[in-house]
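If you count the sequence shown from 1, position 327 lands on 327 in the working numbering, and the numbers rise without skipping.
Mixed in with the good hints, there may be bad ones.
What the hints assert, rightly or not - Derived DEER-like restraints, expressed as beta-carbon distance ranges:
(1) Thr252 / Gly402: 45 to 53 Å
(2) Glu298 / Gln377: 17 to 25 Å
(3) His199 / His86: 44 to 52 Å
Stated by the list, open to error - Capping the alpha-carbon separation at 20 Å, the derived lysine-lysine pairs in PhoX-like fashion look like this:
(4) Lys154 / Lys353
(5) Lys183 / Lys391
(6) Lys79 / Lys257
(7) Lys183 / Lys234
(8) Lys219 / Lys234
(9) Lys353 / Lys183
(10) Lys203 / Lys154
(11) Lys183 / Lys154
(12) Lys353 / Lys391
Quick caveat, the hints were computed from the structure, so don't treat them as lab data.
Even glycine gets a Cβ: it sits at the ideal position worked out from N, Cα and C.
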Amino acid sequence: MRAFPLVVLPLLLFSFHVLLLSSFREKALCSRSLVLGGKRRAALKKGLLSHSNGFEFLNLMGDALEFQNDAEAVSKAEKLAWDAIHEPTDQIIQWRLAYSLAAVAGARIFLDSNRINDSSILQHRMVLRRLDVALMIGHPTMYSRIHRLILEIKNFLPEVDFPLISTSSFENQSSISSPYALKVPVEREPPSQSHFYKHVFNKQPVLIQRAMQDWPALKPGSVQSWSGFQRILKIAGHRTVPVEVGRHYMCTNWTLKLMPLQEYFRRHVLNGSTTNTAAKGGVTGYVAQHELFKQVPELCSDVRIPEYCAVEPRNNDGEEVQVNVWLGPSGTTTPLHYDRYHNFLCQVLGEKKITMFAPNSSSYLHPCKPPLNNTSQVDPYSPGRYSDVLKQPHWEVTLHPGEMLYIPPGWWHHVQSKSASASVNFWWL
Numbered sequence: 001m002r003a004f005p006l007v008v009l010p011l012l013l014f015s016f017h018v019l020l021l022s023s024f025r026e027k028a029l030c031s032r033s034l035v036l037g038g039k040r041r042a043a044l045k046k047g048l049l050s051h052s053n054g055f056e057f058l059n060l061m062g063d064a065l066e067f068q069n070d071a072e073a074v075s076k077a078e079k080l081a082w083d084a085i086h087e088p089t090d091q092i093i094q095w096r097l098a099y100s101l102a103a104v105a106g107a108r109i110f111l112d113s114n115r116i117n118d119s120s121i122l123q124h125r126m127v128l129r130r131l132d133v134a135l136m137i138g139h140p141t142m143y144s145r146i147h148r149l150i151l152e153i154k155n156f157l158p159e160v161d162f163p164l165i166s167t168s169s170f171e172n173q174s175s176i177s178s179p180y181a182l183k184v185p186v187e188r189e190p191p192s193q194s195h196f197y198k199h200v201f202n203k204q205p206v207l208i209q210r211a212m213q214d215w216p217a218l219k220p221g222s223v224q225s226w227s228g229f230q231r232i233l234k235i236a237g238h239r240t241v242p243v244e245v246g247r248h249y250m251c252t253n254w255t256l257k258l259m260p261l262q263e264y265f266r267r268h269v270l271n272g273s274t275t276n277t278a279a280k281g282g283v284t285g286y287v288a289q290h291e292l293f294k295q296v297p298e299l300c301s302d303v304r305i306p307e308y309c310a311v312e313p314r315n316n317d318g319e320e321v322q323v324n325v326w327l328g329p330s331g332t333t334t335p336l337h338y339d340r341y342h343n344f345l346c347q348v349l350g351e352k353k354i355t356m357f358a359p360n361s362s363s364y365l366h367p368c369k370p371p372l373n374n375t376s377q378v379d380p381y382s383p384g385r386y387s388d389v390l391k392q393p394h395w396e397v398t399l400h401p402g403e404m405l406y407i408p409p410g411w412w413h414h415v416q417s418k419s420a421s422a423s424v425n426f427w428w429l
């Protein structure tokens with residue numbers, strides 16, 4: 001064996017000494033971290049941590065290992081973060097991250113402890129619900145970890161079996177066109193980008209036909225077809241979504257509830273698919289303006305972002321095109337309002353009637369006080385004291401499957417479904 005020169009031996013001994021000290025220091029720090037973690041968990045479970053000193057615990061945990069498989073501490077941490085998110089705070093981003101970390105830790109503990117003895121479907125659904133909520137109010141940096149956990153949990157859940165839902169049109173009073181209504185211009189073939197930006201963009205609403213022919217969601221017989229809502233329920237039936245309950249957000253009885261998508265369809269869509277639930281005195285439920293594709297990325301490839309959005313793919317806040325999904329029975333209503341973004345409203349299933357007023361109509365549309373000053377107090381089809389509103393210049397159009405409506409910023413629009421309906425809208429610029 002080759003001998004080391006004498007001058008090298010002291011260096012090797014010194015290096016070994018440094019490594020040894022380093023190892024002892026690392027173990028000491030690790031032990032200290034576990035002790036502190038244990039004290040924080042104990043304080044958390046006793047309710048001794050508030051939104052101020054509790055933030056230290058949640059911010060430092062950084063990983064599910066900080067909880068040391070302590071399910072009770074995870075649950076308390078999740079509750080603490082939930083409460084903090086729903087109160088005024090200048091640390092909202094950190095609390096959203098804390099909520100996500102707690103939800104991930106809880107799911108990981110649950111899955112690891114139930115690999116030998118399968119837990120009940122109900123328990124798996126409860127964990128899935130917590131992860132869905134984390135996707136809605138948590139931090140985006142945790143999305144990929146959450147999605148991986150969701151895929152694991154879905155393996156334990158049965159496939160959703162749901163009957164086909166009719167999207168036949170239901171005619172009601174609001175389907176009657178006003179004699180003063182103007183016709184929305186129609187592009188019977190998708191215009192080129194140059195034509196769109198020269199003759200359509202930022203001018204007035206335009207109905208574009210045949211622009212969604214490449215959407216798998218609209219192709220009969222395709223495994224990605226949304227016909228009868230079957231694919232949506234098969235892929236996302238167990239997922240928890242926000243449901244607007246009540247006629248619309250301007251009504252006093254309006255509220256927001258979280259429920260599994262299949263439960264929502266059973267309660268609000270299945271029995272109200274061909275009848276106007278609101279007109280019969282029932283309670284309307286609406287999955288409105290929900291970023292379903294972020295929550296359930298398996299559905300992303302079913303639709304296509306309109307090529308006109310690709311010219312400038314970011315809005316005024318520097319965000320990407322926002323894609324919202326709208327699902328509901330006949331009679332769902334979005335009150336008269338305007339948006340500050342350019343908007344493509346794309347109809348996949350069923351029909352919707354849209355009534356629009358130009359931006360210069362605000363004086364007789366009686367906007368609400370801030371923060372709802374983009375919403376009118378006027379219901380065009382139950383105007384009450386504003387009975388002359390439909391005598392003013394306005395536009396009406398019924399949107400059918402495969403049709404796309406361009407609505408420029410500032411244009412007031414009222415939307416009502418004439419049947420069970422699925423729509424996707426794109427906000428950009």
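Checked hints:
1. The hinted range of 45 to 53 Å is not satisfied by threonine 252 and glycine 402, whose Cβ atoms lie roughly 37 Å apart.
2. A hinted range of 17 to 25 Å for the beta carbons of glutamate 298 and glutamine 377 is inconsistent with their spacing of about 41 Å.
3. At about 47 Å, the CB distance of histidine 199 to histidine 86 agrees with the hint of 44 to 52 Å.
4. Under the criterion of a C-alpha separation no larger than 20 Å, the hint pairing lysine 154 with lysine 353 is inconsistent with the structure, at around 37 Å.
5. Proposed proximity of lysine 183 and lysine 391 is supported: the alpha carbons are some 14 Å apart, at most 20 Å.
6. The straight-line distance between the Cα atoms of lysine 79 and lysine 257 is roughly 18 Å, inside the 20 Å bound, and the hint therefore holds.
7. Using a Cα cut-off of 20 Å, the hinted pair lysine 183 and lysine 234 is violated, with the two alpha carbons roughly 39 Å apart.
8. For the suggested pair lysine 219 and lysine 234, the alpha carbons sit about 17 Å apart, so the restraint of at most 20 Å is met.
9. Only pairs whose Cα atoms come within 20 Å are accepted, and lysine 353 paired with lysine 183 is accepted, the gap being roughly 13 Å.
10. With a C-alpha separation of about 47 Å, the suggested pair lysine 203 and lysine 154 falls outside the 20 Å cut-off, and the hint is violated.
11. Taking the CA atoms of lysine 183 and lysine 154, the gap is near 48 Å; set against the 20 Å cutoff, the hint is violated.
12. Distance hint between lysine 353 and lysine 391 is fulfilled; the C-alpha atoms sit about 18 Å from each other, no more than 20 Å.
The structure does not agree with the numbered hints 1, 2, 4, 7, 10, 11 stated previously, though it agrees with the rest.
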